[in-house]
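Full structure from sequences and hints, please.
The opening position of the sequence shown corresponds to residue 1 in the working numbering, with each subsequent residue numbered one higher.
None of these hints come from the bench; they were simulated from the model.
Some hints could be false.
With a straight-line cut-off of 25 Å between C-alpha atoms, the simulated DSS-like cross-links for lysine-lysine are [as the list claims (entries may be wrong)]:
#, residue 1, residue 2
1, Lys11, Lys88
2, Lys118, Lys67
3, Lys252, Lys297
4, Lys297, Lys260
5, Lys88, Lys67
6, Lys353, Lys406
7, Lys88, Lys7
8, Lys156, Lys3
All of these numbers come straight from a predicted model, not from anything done at the bench.
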Amino acid sequence: MFKDEVKIKVKGGKGGDGIVAFRREKYVEFGGPAGGSGGDGGNVYFQAEEGMSTLLDLSFNRHMFAKDGTAGLNKSQHGKNAEHTIFKVPVGTVVYDDETGEMIGDLTIHGQTLLLAKGGKGGRGNEAFATHKNPAPEICEKGELGESKELRVELKILADVGLVGYPSVGKSTLISRVSKARPKIAEYHFTTLEPNLGLVYVGQNKSFVMADLPGLIEGASLGAGLGIQFLKHIERCRVIIHVVEMDGLVEKDPYEDFIKINKELESYNLDLLKRPMIIAASKMDLPNAWANLELFKEKIGNTYEIYPISAVTGEGLNELIYRSMELVETTPKFEVQAIHKNYIKQKEEDFFKINLGEDGVYELTGDGLYRLFAKTDFTKEENVKRFSRQLRSFGVDDALRQAGVKNGDTVRVFEFEFEFID
Numbered sequence: 001m002f003k004d005e006v007k008i009k010v011k012g013g014k015g016g017d018g019i020v021a022f023r024r025e026k027y028v029e030f031g032g033p034a035g036g037s038g039g040d041g042g043n044v045y046f047q048a049e050e051g052m053s054t055l056l057d058l059s060f061n062r063h064m065f066a067k068d069g070t071a072g073l074n075k076s077q078h079g080k081n082a083e084h085t086i087f088k089v090p091v092g093t094v095v096y097d098d099e100t101g102e103m104i105g106d107l108t109i110h111g112q113t114l115l116l117a118k119g120g121k122g123g124r125g126n127e128a129f130a131t132h133k134n135p136a137p138e139i140c141e142k143g144e145l146g147e148s149k150e151l152r153v154e155l156k157i158l159a160d161v162g163l164v165g166y167p168s169v170g171k172s173t174l175i176s177r178v179s180k181a182r183p184k185i186a187e188y189h190f191t192t193l194e195p196n197l198g199l200v201y202v203g204q205n206k207s208f209v210m211a212d213l214p215g216l217i218e219g220a221s222l223g224a225g226l227g228i229q230f231l232k233h234i235e236r237c238r239v240i241i242h243v244v245e246m247d248g249l250v251e252k253d254p255y256e257d258f259i260k261i262n263k264e265l266e267s268y269n270l271d272l273l274k275r276p277m278i279i280a281a282s283k284m285d286l287p288n289a290w291a292n293l294e295l296f297k298e299k300i301g302n303t304y305e306i307y308p309i310s311a312v313t314g315e316g317l318n319e320l321i322y323r324s325m326e327l328v329e330t331t332p333k334f335e336v337q338a339i340h341k342n343y344i345k346q347k348e349e350d351f352f353k354i355n356l357g358e359d360g361v362y363e364l365t366g367d368g369l370y371r372l373f374a375k376t377d378f379t380k381e382e383n384v385k386r387f388s389r390q391l392r393s394f395g396v397d398d399a400l401r402q403a404g405v406k407n408g409d410t411v412r413v414f415e416f417e418f419e420f421i422d
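What follows is the structure in structure tokens.
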């Protein structure tokens with residue numbers, strides 16, 4: 001089953017907690033602090049895998065969590081860093097931030113990795129806080145929380161040549177004749193429900209990848225038919241082969257079909273018509289095909305190269321693929337956007353906010369404050385005092401006074417309540 005778009009949630013592992021411990025050895029006088037720091041939490045990565053062609057596996061793993069780091073131990077033993085979580089995806093996978101729409105990364109090379117969510121750093125043990133003024137601190141930190149994100153993952157297949165055109169114009173038959181691809185072929189529209197890739201050999205040492213894309217119809221760029229689901233797959237193609245049928249069995253104008261499909265390509269992405277396009281005049285073995293081709297040439301002029309072909313008899317196929325190979329060799333790859341490697345989302349935010357709760361108690365909130373709060377172990381008095389000093393250094397005390405908080409008032413910081421002392 002082909003799957004080319006998935007929304008997922010990723011979360012880096014939490015860092016391990018640091019601990020408070022002291023040396024207790026018989027012959028060591030004045031044993032100092034020996035609380036180890038916690039290990040770092042694991043990161044979440046994507047890794048591009050050449051042999052994959054769908055995001056189906058990812059659709060069954062929409063929640064990806066890395067492991068947490070382990071806590072520190074006594075005798076100055078640090079906790080173990082967690083292993084990273086690496087999930088393999090097809091080459092051609094593009095990752096976007098689902099909230100902002102900004103691209104995080106584009107995996108175009110086999111083995112390339114992309115950092116999705118960073119694990120939290122391990123909390124420091126009391127050994128790390130020892131100074132000449134405080135040689136025996138009873139302070140430690142909890143591990144940081146890992147990053148948490150909601151992402152949209154798209155697969156844009158990597159092909160050198162893309163086949164476009166109306167349904168049932170012979171795209172699937174064409175790719176089946178020039179490669180070993182075996183798409184479904186039938187006498188009705190929308191036979192192809194997913195892109196098909198085929199490797200086309202031109203001589204012994206040359207080849208290119210051809211993509212048979214599901215048939216487009218008028219209005220595809222706005223959601224009509226199946227085209228809107230698959231137009232994105234042509235973005236990376238260096239060369240476009242526009243397949244136009246010339247048989248006279250159905251009352252339609254090949255030139256009008258050609259113009260309509262080009263308008264859909266232009267509406268979806270203005271750059272698509274800037275890359276090389278050649279026309280494959282298909283079904284030339286059927287009645288009136290050559291007469292229709294002459295009328296088509298009169299209308300279109302010399303703007304495009306036209307190759308009459310018959311996928312049934314094989315007529316013109318060699319000329320078409322040899323010309324395609326020449327264009328592939330002389331046309332550079334097209335990048336979708338600039339690549340943002342190891343992207344970490346940063347928000348413009350206040351470190352803390354003060355709100356008056358429904359019960360009349362002033363509340364402190366904010367993502368920055370929460371990160372500080374989550375690292376503090378409130379079961380130890382020294383940690384509570386340190387947290388209070390940190391709030392003061394960030395200007396929280398002054399802000400509370402300006403908000404109207406007085407000596408003895410209760411202030412709520414997330415799930416804890418503190419007495420404000422002026």
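Results for each hint:
Pair hint Lys11 plus Lys88 holds up; C-alpha atoms about 16 Å apart against a cutoff of 25 Å. For the hint linking Lys118 to Lys67, the alpha-carbon distance of about 11 Å falls within 25 Å, and the restraint holds. This hinted pair checks out: Lys252 and Lys297 have alpha carbons roughly 16 Å apart, not beyond 25 Å. With a C-alpha separation of about 17 Å, the suggested pair Lys297 and Lys260 falls inside the 25 Å cut-off, and the hint holds.
Between the alpha carbons of Lys88 and Lys67 the distance comes to roughly 17 Å, so the proposed pair stays at or under 25 Å and holds. The hinted pair formed by Lys353 and Lys406 meets the criterion: a straight-line CA distance of about 17 Å does not exceed 25 Å. For the hint linking Lys88 to Lys7, the alpha-carbon distance of about 16 Å falls within 25 Å, and the restraint holds. Taken as a hint, the Lys156 and Lys3 pair is honoured in the structure, with Cα atoms around 11 Å apart against an allowance of 25 Å.
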